[in-house]
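Following the hints, put chains B, C, D and E in place on chain A, whose structure we already have.
Protein chains in written order, with my numbering: chain A, 1 to 316; chain B, 1 to 316; chain C, 1 to 316; chain D, 1 to 316; chain E, 1 to 316.
If you're looking for bench data, these hints aren't it; they were derived computationally from the structure. All C-beta atoms in this analysis are idealised placements derived from N, C-alpha and C, irrespective of residue type, glycine included. One should not assume that every hint holds.
[Claimed, not checked] Derived pair list, reagent style BS3-like, types lysine-lysine, alpha-carbon separation capped at 25 Å:
id, chain 1, residue 1, chain 2, residue 2
1, D, Lys182, E, Lys189
2, A, Lys182, C, Lys164
3, A, Lys182, A, Lys171
4, E, Lys189, D, Lys189
5, E, Lys171, E, Lys61
[Unchecked claim] Pair ranges (Cβ atoms, derived):
id, chain 1, residue 1, chain 2, residue 2, range
6, C, Arg83, D, Lys87, 54 to 62 Å
7, E, Arg20, D, Asn199, 34 to 42 Å
8, C, Asp172, E, Lys171, 17 to 25 Å
9, D, Asp27, B, Val11, 38 to 46 Å
10, D, Asp27, E, Thr14, 32 to 40 Å
11, E, Arg83, B, Asp205, 28 to 36 Å
12, C, Asp205, D, Lys87, 54 to 62 Å
13, B, Asp205, D, Arg16, 54 to 62 Å
14, A, Leu54, C, Thr14, 35 to 43 Å
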Amino acid sequence: MILSRQKGRIVPVTERAAVRGLAADKDNLIWVDLNRPTQDDLQWLSDTFGFHDLALEDANKQKQRSKVETFDDHFFVVAHGVRPHQKSALDLIELHFFVGANYLVDIRHDQFEPLEHLLENAAQSRYLQQGPDFLLYALMDMAIDTYFPAMDRIDDAIDQMDRKLLETPAKDDIERISGLRKQLVFMRKHVSPQRDVVNALISRDFPAITSETVFYFRDIYDHLMRIYDDIDFSRDQLASQLDIYLSRVSNNLNQVMKRLTVFASIFMPITFITGFFGMNFGYIQDRSPGWWVIITVFIVAVAWANYWWFKRRQWL
Amino acid sequence: MILSRQKGRIVPVTERAAVRGLAADKDNLIWVDLNRPTQDDLQWLSDTFGFHDLALEDANKQKQRSKVETFDDHFFVVAHGVRPHQKSALDLIELHFFVGANYLVDIRHDQFEPLEHLLENAAQSRYLQQGPDFLLYALMDMAIDTYFPAMDRIDDAIDQMDRKLLETPAKDDIERISGLRKQLVFMRKHVSPQRDVVNALISRDFPAITSETVFYFRDIYDHLMRIYDDIDFSRDQLASQLDIYLSRVSNNLNQVMKRLTVFASIFMPITFITGFFGMNFGYIQDRSPGWWVIITVFIVAVAWANYWWFKRRQWL
Amino acid sequence: MILSRQKGRIVPVTERAAVRGLAADKDNLIWVDLNRPTQDDLQWLSDTFGFHDLALEDANKQKQRSKVETFDDHFFVVAHGVRPHQKSALDLIELHFFVGANYLVDIRHDQFEPLEHLLENAAQSRYLQQGPDFLLYALMDMAIDTYFPAMDRIDDAIDQMDRKLLETPAKDDIERISGLRKQLVFMRKHVSPQRDVVNALISRDFPAITSETVFYFRDIYDHLMRIYDDIDFSRDQLASQLDIYLSRVSNNLNQVMKRLTVFASIFMPITFITGFFGMNFGYIQDRSPGWWVIITVFIVAVAWANYWWFKRRQWL
Amino acid sequence: MILSRQKGRIVPVTERAAVRGLAADKDNLIWVDLNRPTQDDLQWLSDTFGFHDLALEDANKQKQRSKVETFDDHFFVVAHGVRPHQKSALDLIELHFFVGANYLVDIRHDQFEPLEHLLENAAQSRYLQQGPDFLLYALMDMAIDTYFPAMDRIDDAIDQMDRKLLETPAKDDIERISGLRKQLVFMRKHVSPQRDVVNALISRDFPAITSETVFYFRDIYDHLMRIYDDIDFSRDQLASQLDIYLSRVSNNLNQVMKRLTVFASIFMPITFITGFFGMNFGYIQDRSPGWWVIITVFIVAVAWANYWWFKRRQWL
Amino acid sequence: MILSRQKGRIVPVTERAAVRGLAADKDNLIWVDLNRPTQDDLQWLSDTFGFHDLALEDANKQKQRSKVETFDDHFFVVAHGVRPHQKSALDLIELHFFVGANYLVDIRHDQFEPLEHLLENAAQSRYLQQGPDFLLYALMDMAIDTYFPAMDRIDDAIDQMDRKLLETPAKDDIERISGLRKQLVFMRKHVSPQRDVVNALISRDFPAITSETVFYFRDIYDHLMRIYDDIDFSRDQLASQLDIYLSRVSNNLNQVMKRLTVFASIFMPITFITGFFGMNFGYIQDRSPGWWVIITVFIVAVAWANYWWFKRRQWL
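Bound conformation, chain A alone:
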């Protein structure tokens, strides 16, 4: 879809051939949104704006690292977000932007609702009332804002795990802990280069980015730094949870072994005693009931002594 701002009015452009003419007037603003572009689309971009083949190939192949690359009269940005409404943070949205003096081309391979919402309501939006740098800010901000709910979801899961480890630890906790860790590492892998990208947009001299818009990109930068800090903090918590989990496993083993030892320590001596008086020597056999009582008392005494010893040492 193609939108243009001509003398302050947002107008959809239906004829692709008209774009080159519109772009020639520096007061116009053109926004080209391409979802799953065809080879024809890319060829048209190349013809109209003169984008470099390598950049178009990147935009088409996806799975790129976040980066910003300057070309003669435009620059190329790759940004990422997390697909909203997903359970896992491992599902990325990748946006590619070509930003020129008075146009922005975005290429994506996926539905991205906030962007589509802006496309539909472009006429009412302030984002198209300024240069393409401000539109770039708006779109990157949308992408990066998707990290916050993802981060909240992970933080909730970590808090839940915190409680769970105290109450009812289970065997698959460790898989869940490392599943969360994987999501954090994955997010970090994508947030880290975006931070560099936004930092470059702020500090390097991109003529297309006005000093007013820089304030807005600084805001994105802060968001990314906060996400980054949160990721590190959460990773540290997961490391603690792993320690707690493993120490719980060890403690459980201790408990199990203590119980076994207590049982064995109590029953082994008294079983021996019964064995002793079970030996087939005539000398022991056929005695008076008194003997029987004495032995029974002795057995109880031995068992109770063992029990008491363990009780005092707090094994029970």
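Showing chains B, C, D and E alone in chain A's frame:
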């Protein structure tokens, strides 16, 4: 609350409308303190001082990272402290400052006693007798000084844990250790960017910060560095404590298993002996008491030999 | 093998003596490919192009680190790839390039199919239609592209291990995990200096590299960064798998010990009871069948109570 | 105590009032040593030399981080050493220096013998024959040289532990290992900023430090780097010792469990056999002695087979 | 020993007094090699070449960190190698070099064969035909080349350990692993500063180092980088081996405990059965042989059921 210094005298300003006029005279100093600002308050700030929407939004939303941002004729600082009188260091105070040529606006969402104390006793204080940079120093120093008692509390808890691990280790020690670690990591997360902020205030050219006040900010910087060093040192100690705790768990298991092994090693052979002579073969049955005595002595000998063997190997 | 481009046509050079003359015309392009060079070959290179002895020695000895070194009128690059069609990523291809104003010499000690394919089809290729920098790009790109299938192989193995750990963990999993980790560390060791090399080619002033070709080297740089990120991400996953594996070993031990404890706790008391009534006291012997039933019921009750206790505590 | 060098002669100054006058002559050298200064002392320093309140407060409060701070006509240095003759490296000496054009003021809160020795023998020492920078070098060198015996003590303890772990590991080894680690981390915490301080003294332009004295500070820098390297090396050794200790605990458990398993595996089957023939069936009872011999041989054979199996698997 | 090159001829210098005169002619080259210098030797160096006392003290004391220090008309380098023919990499060679415009003085406290070989065959060597920088390169290259056989020895030991861990792991493996790790950490500690030294020689402006010799120092730098990479790679492998070793210990424990549990699970129930029928109740006694057969079959069935259960769960 709004205070102003006019010709050296500290005067409360009751009419907000007067602020703009007071600020026009560069010899005056204006201090605006806003606790939980309303949208009207923020609008008034925007109208009076021309603060950027993004900065006001940050100040309103809270949960910001420490940062310093320059705008045309003022700069914006976010600083943190730990809420005093709390058991845990996880409870932050967040202060936002707008510092102009002759005014300081602070926005907070919380009671912060040292600041309120200064507000009430502003007339007697030397902090309002200089520029807004010196007032900024005073307020940031208050915030950062809250880290020291928090740090002391954590260090005390670590020392206590040190003794506890030697005397009576318990199952929940690991949760307490990682609870302390979480506090340290949390403090580190907030101290680290503040260090960058203060460093920027010292080294970069903020015209609003006089070379005399830089000495004071250097003092804050030292405080932050010391807190940072202490956090790292304490984290290392907690890592050691975790090692000690886990090795204690393992050693305990060894002790339990040694006891079980000793019991089994002593009673299994002698129970076998009693079983042997409990077999129903006529050959053994109905013998003389001599046999009985010999077997009894043999059993005692076997038990004692086992006992002695373990004693010598220091299992008992 | 030696190829030259003379007035746009790709011509093989059969006479080595002709190379010096061809190189003198700056419009020509000369590509010398040496597989397992002899001392004579190296001597000829030294005589013809004036390469430094140390660089030629490096090219001959192999096992070099990736690097770029400038000499008076040429520069020397060492690049690596992974031998394709190998099971393990531990088998390297090492390529050495000497790049001058209008020539590229590559030295290798191994078959490298993409390069050989280019040699054979040079006439149809666009890679020889520009300067030696573009040919260098083409060859380095070939080398670095070999990392992607290697990385895919490793990622597949990691995913397989993920499923295996959930289903049927085995004793040698840890060797396979650390085998994968070794491959990643090995790749990282070789990718890391290559990143520096390509970064140097992009940013430093190599007059032989035109501003147009820099775009292509930036593409290689992106590839290396992505490989590097993937290596780090995969290493993290292997660390998680190690944690899972070790916790599984501990959990298994717990399970084993629980079973033992359950068995011992059930059978020790009832075996004691049988021992008790197996003692040779006339008082117990020769009683009525009623006794026998009572004891049997008692034994079943004790065994069942123990069983129920373990069931409730979820040991079974 | 106050010393001055006047025309090459070292003279104690008894009247504090005279110091200002002496300092006015740039050829004189004044050394003020204050141990546990009173508020009056600090006031006098402030009046005489114009030191900044914050620096004096630091010097008075102690527990500062190593740092160097420049003021208008002097600079302020905080340095640390280890109290000699102590068992633990956790006991610090803190020295504060104010260095001006022709004076050095040191403030300490502790006895420090090498410094006091120099004070007493100042007349014979070459350290007062040059500027205050050389005296600063002498005093800092004294402080930093105290690290070497402390480091030697720790290295000895580590070597001792190495031998101990091989011979007679004990339960409290882990506390001793982490005690040593704590000392190393503590030293590192104080050596690290001192390195930065000395580096600043070498490289930044402190007019008070002559190019000749820089050679001497470079020597201190080397010492600090060596201490730092040694601390890292020792920390790594302690990490290895922890691994060895923990693996020994695990191996011990294995040994204990193997012994238990061997005992149980030998005695359980033969005890079962005796039980089998202990059953009260007339069919078995009252048989010929031949049966008895066969069963006894069978029991010995089962026990020996089990024993042999464990022997071959090297469990015994 | 002192050598000089006069008009291209290498001549030993027997009279120390002549050295100053020879050094005055800038076309001569003087090489002074001092093994275990006496105080007289050092004094003579100081008198003849004007070396700084601190540098001479370093050269005499040994145990220095690798460094390069510039003085007015010469520079001072400390380099290290590994003593060849030693089993362990913990035995260092330390070389100190003073390099002036036309002289090189090396001080060592040890035999170092390659250097002595060069001394004896100096007349035939190309290393003395250029400036002192090229001689410095030759000697440093000799020192650093000693790391390669040491590294090979360690890599061989690691490979051996790899095989050993798979076949016959033993209790002292962990000591051997951490012994190897200690050697690597020790080498790293000495290689790391040497890298900085050689980098300084390459990049900083040492007038004594010609642009031609810089190529050779770059070669040394590559060697150091490769050694450094190899050390890191080997360290990572040792970390993997530690993981494998510890998991093997845990797996062994599992195996031991499984065997114990299997034995106990099989024999406890059937021993109970024999106990049950061993009770002295007339009701069971003196029955027909049929009972005996039924019970025997029952015992075998119980034992076999347990065995089968464990077999199916792959415990056996």
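Each hint tested on the structure:
{"no.": "1", "hint": "D:Lys182 - E:Lys189", "verdict": "holds (21 Å)"}
{"no.": "2", "hint": "A:Lys182 - C:Lys164", "verdict": "holds (17 Å)"}
{"no.": "3", "hint": "A:Lys182 - A:Lys171", "verdict": "holds (18 Å)"}
{"no.": "4", "hint": "E:Lys189 - D:Lys189", "verdict": "holds (19 Å)"}
{"no.": "5", "hint": "E:Lys171 - E:Lys61", "verdict": "violated (41 Å)"}
{"no.": "6", "hint": "C:Arg83 - D:Lys87: 54 to 62 Å", "verdict": "holds (59 Å)"}
{"no.": "7", "hint": "E:Arg20 - D:Asn199: 34 to 42 Å", "verdict": "holds (36 Å)"}
{"no.": "8", "hint": "C:Asp172 - E:Lys171: 17 to 25 Å", "verdict": "holds (21 Å)"}
{"no.": "9", "hint": "D:Asp27 - B:Val11: 38 to 46 Å", "verdict": "violated (55 Å)"}
{"no.": "10", "hint": "D:Asp27 - E:Thr14: 32 to 40 Å", "verdict": "violated (49 Å)"}
{"no.": "11", "hint": "E:Arg83 - B:Asp205: 28 to 36 Å", "verdict": "violated (55 Å)"}
{"no.": "12", "hint": "C:Asp205 - D:Lys87: 54 to 62 Å", "verdict": "holds (60 Å)"}
{"no.": "13", "hint": "B:Asp205 - D:Arg16: 54 to 62 Å", "verdict": "violated (41 Å)"}
{"no.": "14", "hint": "A:Leu54 - C:Thr14: 35 to 43 Å", "verdict": "holds (36 Å)"}
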